[in-house]
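With chain A fixed as given, assemble chains B and C onto it according to the hints.
Residue numbers (our numbering), protein chains in the order written: chain A, 1 to 507; chain B, 1 to 330; chain C, 1 to 333.
Just so you know, not all the hints are guaranteed correct.
[What the hints assert, rightly or not] Label pairs and their computed distance ranges (CB to CB):
#, chain 1, residue 1, chain 2, residue 2, range
1, C, VAL55, B, THR189, 48 to 58 Å
2, A, LYS325, B, THR189, 48 to 58 Å
3, A, THR368, C, SER100, 36 to 46 Å
4, C, ALA42, B, MET181, 51 to 61 Å
To be clear, the hints were calculated from the coordinates, so they are not data collected in a lab.
Ideal placement from N, C-alpha and C gives every residue a C-beta, glycine not left out.
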Amino acid sequence: MQVLLSMNGIDKAFSGVPALRQARLDVAAGEVHALIGQNGAGKSTLIKILTGVYKKDGGDIAFDGRAREISSPGGAQAAGIATIYQELNLVPLRSVTENVVMGFEPRRLGLFVDWPEAHRRTREILSRFGIKIDVTAPLGTYSTAIQQLVAIARAVSLDANLVIMDEPTSSLDDREVEVLFGVVRELRNSGVSVLYVSHFLDELFRICDRVTTMRDGRTVSVRTIKDTTKLELIADMLGREVEEIETAGMTDLGGGEKQLGDVLLEADGLATDRRLFDFSLSVRRGEIVGLGGLLGSGRTEAARALFGVDAISQGEIRLKGEPWKPGTPSDAIRNRIGMLSEDRKAEGIVPDMSVRENMTLALLPALTRNGRIETQRERALVEQFIKALGIKSANMDQPIRELSGGNQQKVLLARWLATEPEILILDEPTRGVDVGAKLEIQAIIRDYVDRGFGVVLISSEFEELVEGADTIVVLQDGYSVTTLQNPGITEDALVSAIAHHHGTGPA
Amino acid sequence: MPGAEAFDLRRTLGSDGRNAGVWIALVALILFGLARYENFGSAYNIVSFLNYNSMFIIISIGMCFVIMTGGIDLSVGSVAAFSSVVAAYLSPLGIEVALPGGVAAGIGFGAVNAFCIIAMRIPPFIATLATMLAAKGGALVISDAQTISVDWGSNFTKLGMEKAFDVLPWTIVIVALVAVMLWVVLEHTALGRTVLSIGGSEDASTLMGLRVNTAKAFVYLLSGGCAGLAGVFLASGFGAGQPLEGVGWELSAIAAVVVGGTLLTGGLGSVPATVAGALLLGLVFNILNFENGKGTISLSAYWQMVIRGGFLFAVILLQTRVGGNPEKAG
Amino acid sequence: MADNSISNGNRIAPPATHDLTSALRTHGGLIALFLILAFNAAFTPNFLQVQTLFVNISQVATIAIVAIGMTFVIATAGIDLSVGAVMALAGALAPLIFQSEFGAAYPALGIAAAFAVPLAVAALCGLFNGVLVSVLNVQPIIATLILFISGRGIAQVLTNGNLQTFSNPYFSYLGTGKVLGLPFQGWLALALAGMAFWIVTRTTFGRYLLAVGGNERAARLAGAPVRKVKIGAYMICAFLSGIAGLIVVAINSASDAARNGNLMELDAIAAAVVGGALLQGGRAPIFGAVLGAVIIQLVKYTLLANGVEDEVALIAKALIIVLAVYIQQARKE
Chain A
1 MQVLLSMNGI DKAFSGVPAL RQARLDVAAG EVHALIGQNG AGKSTLIKIL TGVYKKDGGD
61 IAFDGRAREI SSPGGAQAAG IATIYQELNL VPLRSVTENV VMGFEPRRLG LFVDWPEAHR
121 RTREILSRFG IKIDVTAPLG TYSTAIQQLV AIARAVSLDA NLVIMDEPTS SLDDREVEVL
181 FGVVRELRNS GVSVLYVSHF LDELFRICDR VTTMRDGRTV SVRTIKDTTK LELIADMLGR
241 EVEEIETAGM TDLGGGEKQL GDVLLEADGL ATDRRLFDFS LSVRRGEIVG LGGLLGSGRT
301 EAARALFGVD AISQGEIRLK GEPWKPGTPS DAIRNRIGML SEDRKAEGIV PDMSVRENMT
361 LALLPALTRN GRIETQRERA LVEQFIKALG IKSANMDQPI RELSGGNQQK VLLARWLATE
421 PEILILDEPT RGVDVGAKLE IQAIIRDYVD RGFGVVLISS EFEELVEGAD TIVVLQDGYS
481 VTTLQNPGIT EDALVSAIAH HHGTGPA
Chain B
1 MPGAEAFDLR RTLGSDGRNA GVWIALVALI LFGLARYENF GSAYNIVSFL NYNSMFIIIS
61 IGMCFVIMTG GIDLSVGSVA AFSSVVAAYL SPLGIEVALP GGVAAGIGFG AVNAFCIIAM
121 RIPPFIATLA TMLAAKGGAL VISDAQTISV DWGSNFTKLG MEKAFDVLPW TIVIVALVAV
181 MLWVVLEHTA LGRTVLSIGG SEDASTLMGL RVNTAKAFVY LLSGGCAGLA GVFLASGFGA
241 GQPLEGVGWE LSAIAAVVVG GTLLTGGLGS VPATVAGALL LGLVFNILNF ENGKGTISLS
301 AYWQMVIRGG FLFAVILLQT RVGGNPEKAG
Chain C
1 MADNSISNGN RIAPPATHDL TSALRTHGGL IALFLILAFN AAFTPNFLQV QTLFVNISQV
61 ATIAIVAIGM TFVIATAGID LSVGAVMALA GALAPLIFQS EFGAAYPALG IAAAFAVPLA
121 VAALCGLFNG VLVSVLNVQP IIATLILFIS GRGIAQVLTN GNLQTFSNPY FSYLGTGKVL
181 GLPFQGWLAL ALAGMAFWIV TRTTFGRYLL AVGGNERAAR LAGAPVRKVK IGAYMICAFL
241 SGIAGLIVVA INSASDAARN GNLMELDAIA AAVVGGALLQ GGRAPIFGAV LGAVIIQLVK
301 YTLLANGVED EVALIAKALI IVLAVYIQQA RKE
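Chain A extracted, bound-state conformation (with noise of 0.2 Å):
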């Protein structure tokens, strides 16, 4: 086996935090080699290291045979090294035929661009990928779906040796995804190697050759897929022995053992903008539901609807029974419901406030009297909060940018706690903090909702909702498709759930 690229001993630190510790891979000439692990396990940061977005700290790449430094990403793909990231990295304002060729334009007098044929390149490369639209309109007005296509139409154009892809499937419905997959197979069949990057385990088995795993921002462990099994990948991803996974529960939630109580909260059909088509749910007091459901699937558009950040088109609220519309996030919180956001760091912390005034942003309205905030009674609000869920900081004056990932999730929980909602919607609240924070989390959700209020809980992490949610809903494509009921989740259930609903289209 001919070794395309050899990443060895690479490191990197953000801000003196490792991200990769001597992480290693290796990629064979014309093979389709899966890069698997967690969220934060350092995947992204070893991709956009190959392609020169970041620079390693320390390491050796050697690529084509020869030792690199790649320092931008025009030198990655000087290199033949094309990337599909997961953020589209795509310009919607510009045409489809400029999207695909810009940087290699055919030209004419070695100085104007050749539209014609640039078009008529890029339609024959879409053609491939059974795509036909008109190139010269603008890529915004397409469907995400076309423009991941269009994306990878690029990278294929470009005649890389290597073409990495993050997350290439997450937008893409069964037929697209087969389009896709009958491309990664025809670029191994001419040679090209793929770095196939992606959260669903089934279809590393159906198209890659090998796998890496990554942890902590080291290389686990590298198999091939014929010899390997679903059930291992994950042990390796979680850092479990495969034993401990299929007979021990991991998480602490502890969903499906007690009585319920009224509903809270119900949602009938609910449609938005943002690709949300028909969603329901109810929550009753003392529980919690799940949302399940793949990447893309609508959980945290759903959680937006709720919650008044997207307007509703369709469908209704009823809050404890009564007809409601949110209008906006503030509206939802005077009727006591709270959403930890997805992003901590885009929607959640405002980094250069200190841990106090983080933690009572949203209770400003209850902390004020004649338009001056309590202080007094601020101060000792937050000390209770910092003391009760056991918050690690210098004092509550401290910036928040300043503490871990785990604690600053912890303030971003006793910011909605404060509030004293009924229903807290809680969108990945363990994602990116260590095991024991997450555990200790997981005991505030826990309590939260043994007195008596209602969580709607979102996690990529399958262990998680089984384990913890008392019904999880399932979603695919904006629509909610199926509900599953606690006890007698188990992961195998909620992953046939989502995949036998799966490309049967809106129930």
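Relative to chain A, chains B and C alone:
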């Protein structure tokens, strides 16, 4: 379909037909003027109108390129004033020296802008605001705060006052040439497409391996050069370098660019539509002058500023309505 | 520490390092002030005299007042280019009112109206800017560019471009009055700064202001009234500009719509940034802005007193702005 792509009039004139409005408004205003004023269609009015507005057209085109990258250049007015003084000083050496000299002065300020924005990573409006100050101060320093008369004996004044081939003033010919050239650059070269791509998404453009910094440097140099050229026109047209001129020109240019359908956030834009926008803005004032002449209204010069601002306001309102959701674009 | 080599993909702020840049960032203003004072004491003739203090206080007050307003706007990650034009507008209105027939007939009411109406109009200008920015999502530079040009135009249309001179001791007190031996407007600027500081640190509005500037999406999701906060910031800025406009008119006993507040947006932005405001938003150092205003004024004075031309002073100011922004900018990267 393929045949239609090459000769799509909508895409040639504007970016995507989204700015058909500016052409319609332009034609409507011309028809209105022709019908209402006797001398509106006279050769004298047309030529003097184009001559006067050639400065604004050229600045607007430069501004258009900057705005297409999502940037802004607030320094164009004072840079033009500075260049007019430079050109006036150089005028005894003839047009061969004064014209390139004035343009080079503008490019110099453009280089300062580019350096501050790209190398020092200072936000464009702050960098160009500072250059606006510096150019203004510089113009006053080198001119000693006086208008600098050009050398009437040299061939410099021919630029603004004589006609090429006895048909059109030189300024108009030059503007037309520059406009066509830049239109070709925008539509038919990788550089032009990179400019648009940066405005659409700078991050994506970097990840696509495009020469983002080169293109950004290009637009600020270009805008500086265009302002320099306008300064040369100013000096030749009025027979003097004008260190105090140029106030509010950036606003006119921005308005013209926006009227031409260019998104203020970048990523979409068109040279012909920008020219149309500049003409439209000029025409509004031309018609107001005629109305003043007829005595139906009596507007002081101060109204010009108010109307310019109102015009920009109206255009922004239109763009937020028509342009739809700018968040989606990013 | 590899802090500086991190690409901009990583937004985690580095832990405080004690290199030159960070020292400049935190104490740059005070260091600059000290250097300027030392330079002047040594070289500028007649610097250490009471008269110099008076001149500078009366000049610095207007810059400081506008810079405080600008700090509110910059805290939301915005910018207000229209402050100078709003000054001109407010300044043009006041004499028109107290010199009108109404003002002559009811002097007391006339004076009251000469304060109230211009300030109300100024606040309306702020409302206009704020609505454009927060409701119509127009970029702050463009939104405030409209009044930057038109506002002064309106002021000139109102006065027909004439210089309005007047003698009205009550109104002039704003610019020439003395309290405890120091110019009244100096005290006014200090009082306004104190009030602004209280708003930023003690009120809900202040907290929301910093949250909106620090992370707008997070603030919105935490229930912050983002639009109202932004509109409020622009209105405060315009209102304070109005006050500054009135002061300038009172000092001169004349209103010149063409010159009142000319280039003030630059002074105010420079003062705010020198004082530690971050263009990306999220910080509102009020007394920093006052310090910045003092520095800007002293630089002007130093150049002028040492025979440097006004025009060269413009270039110096341009350099200060670029340098200050550059130093602040390094903080986020």
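C-beta pair A:THR368, C:SER100: status relative to the range 36 to 46 Å that was hinted: At 42 Å between Cβs, range holds.
Cβ separation of A:LYS325 and B:THR189, checked against the hinted range 48 to 58 Å: holds, 52 Å
Cβ separation of C:VAL55 and B:THR189, checked against the hinted range 48 to 58 Å: holds, 57 Å
Assessment of proposed distance window 51 to 61 Å (beta carbons of C:ALA42, B:MET181): For B:MET181 against C:ALA42, whose Cβ atoms are near 56 Å apart, the range 51 to 61 Å holds.
In the structure shown, no violation is registered for any of the earlier numbered hints.
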